[in-house]
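Student: All chains should be built: construct the whole structure from the sequences, respecting the hints.
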Amino acid sequence: MSQRALIHLPATVRRGEVILVRALVAHPMETGHRVDSGGQRLPRDIIRRVEARLDGELVFAADLHPAIAANPYLVFPLRVTGDGTLTVDWSGDRGFAHRERAEIVAT
Amino acid sequence: MNGRRTLLVAGLGSLLLRPAVATPEAMRAALAAFTGGAPLGDGKVTLEIAALVENSNAVPVSVRVASPMSAADHVRRIALFTERNPEPGVAVFHLGPHSGRAEVATRMRLATSQTVLAVAQMNDGSCWQAAVEVIVTMPACAES
Chain A
1 MSQRALIHLP ATVRRGEVIL VRALVAHPME TGHRVDSGGQ RLPRDIIRRV
51 EARLDGELVF AADLHPAIAA NPYLVFPLRV TGDGTLTVDW SGDRGFAHRE
101 RAEIVAT
Chain F
1 MNGRRTLLVA GLGSLLLRPA VATPEAMRAA LAAFTGGAPL GDGKVTLEIA
51 ALVENSNAVP VSVRVASPMS AADHVRRIAL FTERNPEPGV AVFHLGPHSG
101 RAEVATRMRL ATSQTVLAVA QMNDGSCWQA AVEVIVTMPA CAES
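Taken in sequence, the protein lines are chains A and F. Position one of the first sequence corresponds to residue 1 (my numbering), numbered consecutively onward. Position one of the second sequence corresponds to residue 1 (my numbering), numbered consecutively onward.
The set of hints was computed from the structure by calculation and includes no laboratory data. Glycine included, every Cβ here is placed at the ideal spot set by N, Cα and C. Treat each hint with caution, since some may be false.
Subject to a maximum C-alpha distance of 25 angstroms in a straight line, what follows is the list of computed SDA-like cross-link-like pairs (lysine to any residue) [to be verified]:
no., chain 1, residue 1, chain 2, residue 2
1, F, 44, A, 19
2, F, 44, F, 92
3, F, 44, F, 138
4, F, 44, F, 126
5, F, 44, F, 70
6, F, 44, F, 125
7, F, 44, F, 20
8, F, 44, F, 129
9, F, 44, A, 37
10, F, 44, A, 96
11, F, 44, F, 101
12, F, 44, A, 92
13, F, 44, F, 57
14, F, 44, A, 61
15, F, 44, F, 55
16, F, 44, A, 20
17, F, 44, F, 115
18, F, 44, A, 32
19, F, 44, F, 74
20, F, 44, F, 133
21, F, 44, F, 114
22, F, 44, F, 137
23, F, 44, F, 105
24, F, 44, F, 28
25, F, 44, A, 22
26, F, 44, A, 77
27, F, 44, A, 17
28, F, 44, F, 30
Output of the computed footprint for chain A on chain F, the stretches with three or more beta carbons under 8 angstroms from beta carbons of chain A [what the hints assert, rightly or not]:
no., region
29, 21-29
30, 37-43
31, 121-128
Tutor: Structure below.
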């Protein structure tokens, strides 16, 4: 499978700095409000929860509804205190679950 | 006579309206569930979204809140609501002192022209709002 998610960090990160993390995941975000050509309602299939952890500690979370566009893109702030591992977990309908990691190297 | 005609037109409108639109009651309930009944103050919150949107399937939106983001004084949550999408809730973002700054962004769908509302909840429970009226020229899901 091709890459499903991306975490983008600034090229250089200074200790003590507040950075913006960009997280993107491939997902249709089917709203549950649309009908197909046969008049059948398409069941909802969305990402409902996104959680970001720095070395295991929760540093950001988001609850998403169908009004979030397909391929959910989130930008969130993070204060960098030193090197660490950032993990982002996406979860949702039909048992969707995906985890992506990014290493933060502070200068 | 006039009242009757208005009623008739309103009735027709609700019949023709597709997709379904969240009711004002649903909007009030969603807001109250988020704020816990706290009054909404004006200020502190900056909501950035285009006032005129052509493709409403992915509209960039960002919210900033004036806050020191310290342990004693920080933004706990930021929520986005819409008046006339099928559901009033769009997203809730959870922040804290480790965020360092109260600023989030995403891309959202707009079913039609409407007001987008951002509400920030501080750690003391107080709530602050900002609203932007957005005009949509090509509504999302029009092809569905």
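Student: Determine for every hint whether it applies to the structure shown.
Tutor: Taking the hints in turn, this is what the structure says about them:
Among the hinted pairs, residue 44 (chain F) with residue 19 (chain A) is consistent with the structure: their alpha-carbon atoms are about 21 angstroms apart, no more than 25 angstroms. Proximity of residue 44 (chain F) to residue 92 (chain F) is assessed by CA-CA distance (about 17 angstroms); at most 25 angstroms being required, the pair is judged to hold. Taken as a hint, the residue 44 (chain F) and residue 138 (chain F) pair is broken in the structure, with Cα atoms around 32 angstroms apart against an allowance of 25 angstroms. Of the pairs offered as hints, the one joining residue 44 (chain F) and residue 126 (chain F) holds, with about 11 angstroms between alpha carbons and a cut-off of 25 angstroms not exceeded.
For the hint pairing residue 44 (chain F) with residue 70 (chain F), the CA-to-CA distance comes to about 16 angstroms; that is within 25 angstroms, so the pair holds. A distance of roughly 14 angstroms separates the Cα atoms of residue 44 (chain F) and residue 125 (chain F); the hinted pair therefore holds under the 25 angstroms criterion. Proposed proximity of residue 44 (chain F) and residue 20 (chain F) is contradicted: the alpha carbons are some 33 angstroms apart, above 25 angstroms. Taken as a hint, the residue 44 (chain F) and residue 129 (chain F) pair is honoured in the structure, with Cα atoms around 8 angstroms apart against an allowance of 25 angstroms.
The suggested pairing of residue 44 (chain F) with residue 37 (chain A) is violated, with an alpha-carbon distance near 46 angstroms, which exceeds 25 angstroms. At roughly 36 angstroms between alpha-carbon atoms, residue 44 (chain F) and residue 96 (chain A) are farther apart than 25 angstroms, so this suggested pair is violated. Using a Cα cut-off of 25 angstroms, the hinted pair residue 44 (chain F) and residue 101 (chain F) holds, with the two alpha carbons roughly 13 angstroms apart. Proposed proximity of residue 44 (chain F) and residue 92 (chain A) is contradicted: the alpha carbons are some 32 angstroms apart, above 25 angstroms.
For the suggested pair residue 44 (chain F) and residue 57 (chain F), the alpha carbons sit about 28 angstroms apart, so the restraint of at most 25 angstroms is broken. For the hint linking residue 44 (chain F) to residue 61 (chain A), the alpha-carbon distance of about 21 angstroms falls within 25 angstroms, and the restraint holds. The straight-line distance between the Cα atoms of residue 44 (chain F) and residue 55 (chain F) is roughly 29 angstroms, outside the 25 angstroms bound, and the hint therefore fails. Pair hint residue 44 (chain F) plus residue 20 (chain A) holds up; C-alpha atoms about 20 angstroms apart against a cutoff of 25 angstroms.
Taking the CA atoms of residue 44 (chain F) and residue 115 (chain F), the gap is near 18 angstroms; set against the 25 angstroms cutoff, the hint holds. For the hint pairing residue 44 (chain F) with residue 32 (chain A), the CA-to-CA distance comes to about 34 angstroms; that exceeds 25 angstroms, so the pair is violated. Restraint check for residue 44 (chain F) and residue 74 (chain F): satisfied, since their Cα atoms lie roughly 12 angstroms apart, inside the 25 angstroms limit. With a CA separation close to 18 angstroms, the supplied pair residue 44 (chain F) and residue 133 (chain F) stays within the 25 angstroms bound.
Restraint check for residue 44 (chain F) and residue 114 (chain F): satisfied, since their Cα atoms lie roughly 22 angstroms apart, inside the 25 angstroms limit. Under the criterion of a C-alpha separation no larger than 25 angstroms, the hint pairing residue 44 (chain F) with residue 137 (chain F) is inconsistent with the structure, at around 30 angstroms. In summary, the hint linking residue 44 (chain F) to residue 105 (chain F) is supported, as the alpha carbons are separated by about 17 angstroms, within the 25 angstroms threshold. Restraint check for residue 44 (chain F) and residue 28 (chain F): the C-alpha separation of about 22 angstroms stays at or below 25 angstroms, so the hint holds.
Annotation: proposed proximity of residue 44 (chain F) to residue 22 (chain A) holds, straight-line Cα distance about 24 angstroms (limit 25 angstroms). Between residue 44 (chain F) and residue 77 (chain A), the direct Cα distance comes to roughly 17 angstroms. Compliance with the 25 angstroms bound is thereby established for this hinted pair. For a cut-off of 25 angstroms, the pair hint linking residue 44 (chain F) to residue 17 (chain A) stands: about 23 angstroms separates their Cα positions. Straight-line distance between C-alpha atoms of residue 44 (chain F) and residue 30 (chain F) comes to about 21 angstroms, which keeps the hinted pair within the 25 angstroms bound.
Under a criterion of three residues with beta carbons nearer than 8 angstroms to beta carbons of chain A, the stated coverage of the region 21-29 of chain F fails, only 0 such residues being counted. Figure legend: the region 37-43 of chain F, annotated as covered by chain A; annotation inconsistent (0 residues with Cβ-Cβ distances under 8 angstroms, at least 3 required). For the region 121-128 of chain F, the stated coverage by chain A is not satisfied: 0 residues place a CB nearer than 8 angstroms to a CB of that chain, which falls below the threshold of 3.
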